[in-house]
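**Q** As given, the protein sequences belong to chains A, B and C, one line each in that order. If you read the first sequence in numbering that gives the first Met the number 0, its first letter stands for residue 0, the second for the next number, and so on. If you read the second sequence in numbering that gives the first Met the number 0, its first letter stands for residue 0, the second for the next number, and so on. If you read the third sequence in numbering that gives the first Met the number 0, its first letter stands for residue 0, the second for the next number, and so on.
Don't read these hints as lab results, they were simulated from the structure. Watch out, some of these pointers could steer you wrong.
As the list claims (entries may be wrong) - Below, computed lysine to any residue pairings styled on SDA-like, alpha-carbon distance capped at 25 Å: (1) B:K116 / C:G302; (2) B:K7 / C:Y206; (3) C:K451 / A:K360; (4) A:K162 / C:D368; (5) B:K116 / C:T364; (6) B:K110 / C:D305; (7) C:K370 / A:E159; (8) C:K360 / C:R201; (9) A:K165 / C:T384; (10) C:K442 / A:A357; (11) A:K155 / C:R434; (12) B:K53 / C:K360; (13) A:K360 / A:N302.
As the list claims (entries may be wrong) - Every beta carbon over 12 Å from chain A, so not counted as near; a handful from chain C, in silico: (14) D207; (15) K374; (16) I423.
As the list claims (entries may be wrong) - Covered by chain C, according to a simulated footprint, are these stretches of chain A (three or more residues, beta-carbon under 8 Å): (17) 142-151; (18) 178-192.
By construction, the Cβ of each residue, glycine as well, lies at the ideal position given by its N, Cα and C atoms.
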Amino acid sequence: MEIITSIKPLLIISVSLIAVLLIAASRKYPNLRESWTILAAITKFSLVVSMLPLILKGKVIEYFLISVLPGLDIKFRVDAFGIFFALTSSFLWIINSFYSIGYMRALKEHAQTRFYICFAIALSATMGIAFSANLFTLFVFYEMLTLCTYPLVIHKETPEAIKGGKRYLTYLLGTSIGFQLFAIFLTYNAAGTLEFSNNGILAGNGSALLLTIIFILFIAGIGKGALMPFHSWLPAAMVAPTPVSALLHAVAVVKAGVFTIIKIVLFVFGVDLASQLGLGHGLAYFASFTIIASSIMALRQDNLKLRLAYSTISQLSYIILGVALLSPDAITGGIMHIIIHAFGKITLFFTAGAIYVATHKTKISELNGIGKQMPFTMTAFTIASLSMIGIPPAAGFISKWYLVLGSIEAHQMPIVIVIMASTILNACYFFNSICSIL
Amino acid sequence: MIEIFLGKYNYWIYITLMMIGFYAMIAKQNLIKKVIGMNIFQTSVFLFYISIAKVKGGTAPIVWEEAILYDNPLPHVLILTAIVVSVSTTAVALALIIRIYKAYGSIEEDKILEMSK
Amino acid sequence: MNISQHFPVFVIIIPLISAVIIPLVGRIRRIYGWYVSIAATFSSLLLSISLLRTVFEKGRISYWLGNWEPPWGIEYVVDYLSGFVLVVISFITFIITLYSMKSVGKEIPEDKITSFYSIYMFFVAGLLGMIITGDIFNLYVFIEISSLAGYALIAVGRKRDALIASYNYLILGTIAATFILLGIGYLYMVTGTLNMADLRERLPLLYDSTVVRTAFAFFSVGLSIKIALFPLHIWLPNAYTHAPSVVGALQAATATKVGIYVMIRIMFTVFKPRFILEVVPVSQMFLYLSAVAIIAGSVLAIGQKDIRRMLAYSSIGQIGYIVFGIALANKLSIIGSLIHILNHALMKGGLFLVVGSIVYKTGITNIDDLKGLGKKMPFSMAAFTIGAFSMVGVPLTVGFVSKWYLALGALQAGKWVFVLVILISSLLSAIYFGRVINNIYFKDDGGGHTTKIDDAPAGMLVPTLTLASCCIIFGIAAFIPVYITRFAAEMLLGG
Chain A
0 MEIITSIKPL
10 LIISVSLIAV
20 LLIAASRKYP
30 NLRESWTILA
40 AITKFSLVVS
50 MLPLILKGKV
60 IEYFLISVLP
70 GLDIKFRVDA
80 FGIFFALTSS
90 FLWIINSFYS
100 IGYMRALKEH
110 AQTRFYICFA
120 IALSATMGIA
130 FSANLFTLFV
140 FYEMLTLCTY
150 PLVIHKETPE
160 AIKGGKRYLT
170 YLLGTSIGFQ
180 LFAIFLTYNA
190 AGTLEFSNNG
200 ILAGNGSALL
210 LTIIFILFIA
220 GIGKGALMPF
230 HSWLPAAMVA
240 PTPVSALLHA
250 VAVVKAGVFT
260 IIKIVLFVFG
270 VDLASQLGLG
280 HGLAYFASFT
290 IIASSIMALR
300 QDNLKLRLAY
310 STISQLSYII
320 LGVALLSPDA
330 ITGGIMHIII
340 HAFGKITLFF
350 TAGAIYVATH
360 KTKISELNGI
370 GKQMPFTMTA
380 FTIASLSMIG
390 IPPAAGFISK
400 WYLVLGSIEA
410 HQMPIVIVIM
420 ASTILNACYF
430 FNSICSIL
Chain B
0 MIEIFLGKYN
10 YWIYITLMMI
20 GFYAMIAKQN
30 LIKKVIGMNI
40 FQTSVFLFYI
50 SIAKVKGGTA
60 PIVWEEAILY
70 DNPLPHVLIL
80 TAIVVSVSTT
90 AVALALIIRI
100 YKAYGSIEED
110 KILEMSK
Chain C
0 MNISQHFPVF
10 VIIIPLISAV
20 IIPLVGRIRR
30 IYGWYVSIAA
40 TFSSLLLSIS
50 LLRTVFEKGR
60 ISYWLGNWEP
70 PWGIEYVVDY
80 LSGFVLVVIS
90 FITFIITLYS
100 MKSVGKEIPE
110 DKITSFYSIY
120 MFFVAGLLGM
130 IITGDIFNLY
140 VFIEISSLAG
150 YALIAVGRKR
160 DALIASYNYL
170 ILGTIAATFI
180 LLGIGYLYMV
190 TGTLNMADLR
200 ERLPLLYDST
210 VVRTAFAFFS
220 VGLSIKIALF
230 PLHIWLPNAY
240 THAPSVVGAL
250 QAATATKVGI
260 YVMIRIMFTV
270 FKPRFILEVV
280 PVSQMFLYLS
290 AVAIIAGSVL
300 AIGQKDIRRM
310 LAYSSIGQIG
320 YIVFGIALAN
330 KLSIIGSLIH
340 ILNHALMKGG
350 LFLVVGSIVY
360 KTGITNIDDL
370 KGLGKKMPFS
380 MAAFTIGAFS
390 MVGVPLTVGF
400 VSKWYLALGA
410 LQAGKWVFVL
420 VILISSLLSA
430 IYFGRVINNI
440 YFKDDGGGHT
450 TKIDDAPAGM
460 LVPTLTLASC
470 CIIFGIAAFI
480 PVYITRFAAE
490 MLLGG
């Protein structure tokens, strides 16, 4: 594998940080301010795309920034998986930016400058996560993402929003400091390094018990993955404006969570170690439980955004499931599901936001007949729902197909049943929504 | 037994004085009495220092023809410094008490605490 | 005769002489007192830096006061440890002096400003003396100089609550200092020497003696009061809360740190690590005490309404961190502790300076009333946020560095539980700082979004922002303090 040193990863991260300064400077001129956001989003996307040819040739781009302490480096490495995530997020940021401008102006929201600033920082953090070359860099950007999305979640500053924000922070900071950081300490103490490696770094560096504890701490510590029981921040964060929900669910936050889980399973533990210790299967059953439980919860929600939130929780667990099965097909399916879910969910949230802007209604039971007033919106909603359920020819089908193949490959018939069952549940709540809206 | 009490009487005196002072500093409500306790407390330590400087049969540490065996002068000097410190502490404490009295009209700790609530 | 040979004594002499000069020049114009203080602290800083450099070039500096050879004369010692702490303390005092003028003018009666600066210089001289001296009785004298000046500084403000806080501090502080004096007496009784290096050589033969152990017990209790180690912390919250803002910042950032430095000196230089680890395993006791302090300080901080009191309780927890690393006594944990001395001075100093600015501008100290300040005082609040993040231990701030080393040290010693203590206290501090930050930025003060920027004057902002940016600079370029403290830790554990 050829390694190329390039400053591009750093540039991609700093593009939106520079935009922050420009946005802050032009806070008095809304049009100029928004154009900075758009400009930054497009620049970021094109920079990511410009790295694509090299990565597709199987090369890896690295950039070493600074060594904070011996063993703690801020270092970036762009590999196929990272650039895949970065491409998705940076592309969706462009779309989301246009949508935010419309949404925020239509509702005449306050503190829009803060909104755009935090958004831009969140995107920097996401790119940082995508390109991180070691656990420390990942942790830094992970925390940065938590902190800079907090103002977005409580944007409305109502008591309800503050309460939701409190839960958001408690879960995300609590798990990341309480468990993830602990796991990082233990990893460093055991392995003497935090660098991601294709074969994992923990193999042979500690007893099975210690490694299992580290694994559990990591999984519990990545609250952004929204595995039960650390999922309740996601519905709580639904108080945020719709573009923020889209950011949380599609562009950045939860995706960063599953991305981190995948990175840790594959590059800290390594496929061999994880299957040897039976960690993968443990995680797979855990994810299965989350899939079923949250699908059932989704069925019971009347608030459209809440229903989507629970749907996200179950869809995220598909991704985790895919990686946990540790078979090539399942991992492919899981990774593909990142992008497929991102596109599907962002569409669903945009339509939910559009309905809110047009009618100021949030409950599904109140939405009877909206389909006739907003035909285009509802068409988009239906298509995205089909993808979420996994009905061909929608994209969701492909990832589910791979997941099923992967679980058969791993001889895990119960998982196949879980996927089937949850597909039925998905179908129930999405058809239910579509029917009541039409 | 008697040996322990009488042979080391200097220590017993300093410990007793120290405890008296300590008690006054902690238990007394009156701020002046606390300062008196503090002085007793510090003085007990000075006595301790001076007593350990005594050499059996030694004279005062003055250069003089017959002085073959003399007391260790260093602790005396140290205690001179410590006395200066003690006096300054007392001065600061008394100055504070004057200001407390001006501000609260009392030097009883319980009353002051009631007032500052 | 090279002048630079006398630098160790100049570090002390300059603030001492300034303390005497200030009342004289203050008669001409009050502001001159401030100028002299700045000049004095700045030259102490420069001298400290040059001393630290000399230590790295030539090794330990031993200065014989009055050219009397130790162990008879008083020796001043600059090594990796004292050089590092000297630089930290003189830097912080310089920054706080820069900051002080406006704030002091507002919070202290005008006729007392000159004497304030005079006492301030005595305080600084006492602290620097505690750091540099190699003679244990001289140490006591400097402890008392800084303590007496400290009592006076706390009481100098307009608030009457400060008087009683200062008085209680004086009583407890005197008990502590007298205990230390007694400990010195016992050591002198059995060894006949007061020089620290000499004591180090002579004491190992006497480690089994009851007298030596009693001496150590007196030192432990006395110093624990001085550094406000839980549960001997009761003087601290009131003293920090009611003192004038500048004094609060100064006490929080420097006084307890130097106390801890003295504790390290007693434990590792006068006694050898073997004594506290094996002969009399007090390190275990300190380990558990500090763990309790870490948690208790954070828990108590959550319950506070006054922001200064909250910071004071948080200091108690942070002192726990430093003692924790010392008590673990392995290389990583000691590096963690020493870095935390620097870090806590930067963070807590910065936070108290921001509080000083808030008091200067608005007079508010209640956390619930801080609403909307994020718009009114954006720069000060940015500094506060950085300090708060650092206290929580967010990576790329200094707070993370020391926690990293302390946790690794705990893991290396096989004590997992204490890693949990560190993490839990980080979470607790996230809670109490989160509450403040929430109030500052995300709660409406009723003024809407038209609030005009009305931040503290530049004279106060620049020092505050300097400390805040140091929190980030040393969080990213952490190898600089780590490089110095590694030498210090090796020196402490050697032999």
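**Q** Please work out if C:K442 and A:A357 have their alpha carbons no farther apart than 25 Å.
**A** violated (29 Å)
**Q** Regarding the pair A:K360 and A:N302, is the alpha-carbon distance no greater than 25 Å?
**A** Holds, because 9 Å separates the two Cα atoms, which is no more than 25 Å.
**Q** Within a Cα-Cα threshold of 25 Å, do A:K162 and C:D368 meet the stated pairing?
**A** holds (19 Å)
**Q** Should the label of C:D207 as a non-interface residue stand, given a Cβ cut-off of 12 Å to chain A?
**A** holds (36 Å)
**Q** Taking 25 Å as the top limit, are the C-alpha atoms of B:K7 and C:Y206 close enough?
**A** Holds. B:K7 to C:Y206 sits at ~23 Å (cutoff 25 Å).
**Q** Could you grab the alpha-carbon distance between C:K451 and A:K360 and see if it respects the 25 Å cut-off?
**A** Violated, at roughly 36 Å.
**Q** Please confirm whether C:I423 is truly not at the interface, meaning its C-beta sits more than 12 Å away from all C-beta atoms of chain A.
**A** violated (7 Å)
**Q** Taking 25 Å as the top limit, are the C-alpha atoms of B:K116 and C:G302 close enough?
**A** holds (17 Å)
**Q** Would the non-interface assignment of C:K374 survive a Cβ cutoff of 12 Å against chain A?
**A** violated (10 Å)
**Q** Assess, step by step, whether the Cα of C:K360 is no farther than 25 Å from the Cα of C:R201, and give holds or violated.
**A** Distance of about 57 Å is beyond 25 Å: violated.
**Q** Three or more residues of the segment 178-192 of chain A near chain C by CB distance under 8 Å?
**A** That given contact holds, which follows from 6 residues of the segment 178-192 of chain A lying within Cβ reach (below 8 Å) of chain C.
**Q** Check whether the Cα positions of A:K165 and C:T384 lie no farther apart than 25 Å.
**A** holds (17 Å)
Checked against the numbered hints given earlier, the structure breaks hints 3, 8, 10, 12, 15 and 16 and satisfies all the rest.
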